[in-house]
Amino acid sequence: MIRRAALLLAGLLALGLPTLAGSIDISNLFNSIKQAFTPATLEQEEAIGNAAAATLLGATKPIHDKAVQDYVNKVGLWVALQSDRPDLPWRFAVVDSDDIDAFAAPGGYVFITRGLLQHMHSEAELAGVLGHEITHVVLKHHLNALQRAARLDLAGQAAQVGMASKGYNSTLDQQAFQKISNATRNLYSKGLDKDDEFDADRAGVVLAARAGYDPYGLLAVLQTLEGVDPKSGRVQLLLATHPSPEDRIAALSAAMAAGHMDKYGNQEEGTERFEAAIKSLPPMKADSPATKAAPVAATQP
Amino acid sequence: MRRALVIGVLLLATLGVVQADSGGTAQTVVAGDMHDGPYSDANPVGSVPVNTNVTILTRQGGWYKVRLPTGQTGWLPMTDLRLGNPGSGGSNQPKSSGSHGFFSLFESGRSGASGTTATTGVRGLNTGDIANAKPDPAAVTELDQWMAKPDAARAFAEQLKLKAEKIDYLPKVKP
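Top line first, the protein sequences correspond to chains L and C. Mapping the first sequence onto the working numbering, position 248 (from 1) lands on 616, and the numbers just tick up by one. Mapping the second sequence onto the working numbering, position 166 (from 1) lands on 1072, and the numbers just tick up by one.
Fair warning: there could be bad hints in the mix.
Some residues of chain C that are not near chain L, with every Cβ distance over 10 Å (derived) [unchecked claim]:
1) G938
2) H941
3) D942
4) P950
5) G952
6) T958
7) L963
8) P975
9) G977
10) T979
A short, non-exhaustive set of chain L residues, derived as facing chain C with CB atoms under 10 Å [as the list claims (entries may be wrong)]:
11) Y581
12) M624
13) G633
To be clear, the hints were calculated from the coordinates, so they are not data collected in a lab. Glycine is no exception: its CB is placed at the ideal position from the N, C-alpha and C atoms.
In isolation and in its complexed conformation, chain L is listed as follows (with noise of 0.2 Å):
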């Protein structure tokens, strides 16, 4: 009897052996997915910003010219100020690109290129497109993208991951910097899901009004990227990572009928001072008929 229940323990234990290996590869894997939902400490979030900041602006570079940042600063501020996280330390940058687009990283960073600074007629108008920005950082789309994709274990990570923000020399924190900044490539060159642009684009334009601004300013700047060629180049990184313009100007617009956005139609937009602040900018290069007619010449049969 003993003997017979031994052979059968034995029977069961060579039974299941391969599948108690099989299942700590399984839990292995469950753990790390767990892990990369671990949500970032507020120290850790603003780690990863650093980072997914350092790999944007080594693609451009913030333009040196004090004023104009200040201004957008300020402006910047202010509506971040309506948000539901207004103590991050918030970083606004213009940075030094012809083309059309804007961007924010996890812990407060966001970033305006030249180029759409230079499309836009008013601080109305640039307070849409910042509390568009300030949504991604607010709602974590960014921060929540960047740790699935790096599969970050922010738990056994945690003091590689603070430490990146103090510089990534060490050779500690070397590896988890490089992990957010392949990360941070391939999700700004992609863009996040469809879905959080135009949560970003709705809750934008409540941000403004909240702000005081003309609350219309968001849908403006939308038909007037509408309205760019995109055979210029200028639009290629924000229609290759966004909703179609055409599509984001109905979604929001069908919000703003249902949610009474009408009522703020006579808030301030500020025309004069946003254009005596970006008055000390370069005027764009290529706005010479030569330059513009070269390229079409260049395309005829």
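Starting from the known structure of chain L, arrange chain C on it as the hints suggest.
Just chain C now, kept in the frame of chain L:
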């Protein structure tokens, strides 16, 4: 032949500059009533058919003040219009002048769909630039010098008499 084309295109571009100085252009995407003010309860001053080319004069809230080809002016809802010139998206679209002109549209010196830069001084930013970016941690440190303090941002808002308001987030609705 090629030179003639270049001259022709130059002429077109020049015409575009002149045209744009009088305001941005747009087309109606639906037929609708033009109003005498930027409100839905303002008096209708005539109906405008779809695909009418209009000149945009200004915007207030969700409305554009426009001039019709007949010379008549009035207000249309923003979403009744598509900005840009007729045939917008074509490569021979007339271009506007000035970097800060109201409702002006801009062109870069890029050659066609390839996105390659045709003029020195045009700083592009495409998916490839992001995909191949080399991190620049020093540029991030530089940002601190421009950070605003909350009190400074509030004082700046006060200059324009901007007042913070409580407004609910917008519902998601099907267009």
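Right, here's what the structure says about each hint:
1. G938: It holds; C/G938 is separated from chain L by about 14 Å at its closest Cβ, greater than 10 Å.
2. H941: 13 Å, holds
3. D942: 16 Å, holds
4. P950: 17 Å, holds
5. G952: 22 Å, holds
6. T958: Non-interface label on C/T958 holds, nearest chain L Cβ at 16 Å vs cutoff 10 Å.
7. L963: 13 Å, holds
8. P975: Correct as stated: the minimum Cβ-Cβ distance to chain L is 19 Å, above 10 Å.
9. G977: 23 Å, holds
10. T979: C/T979 clear of chain L: closest Cβ-Cβ about 19 Å, beyond 10 Å.
11. Y581: It holds, given that the least Cβ distance between L/Y581 and chain C is near 7 Å, below 10 Å.
12. M624: 7 Å, holds
13. G633: 2 Å, holds
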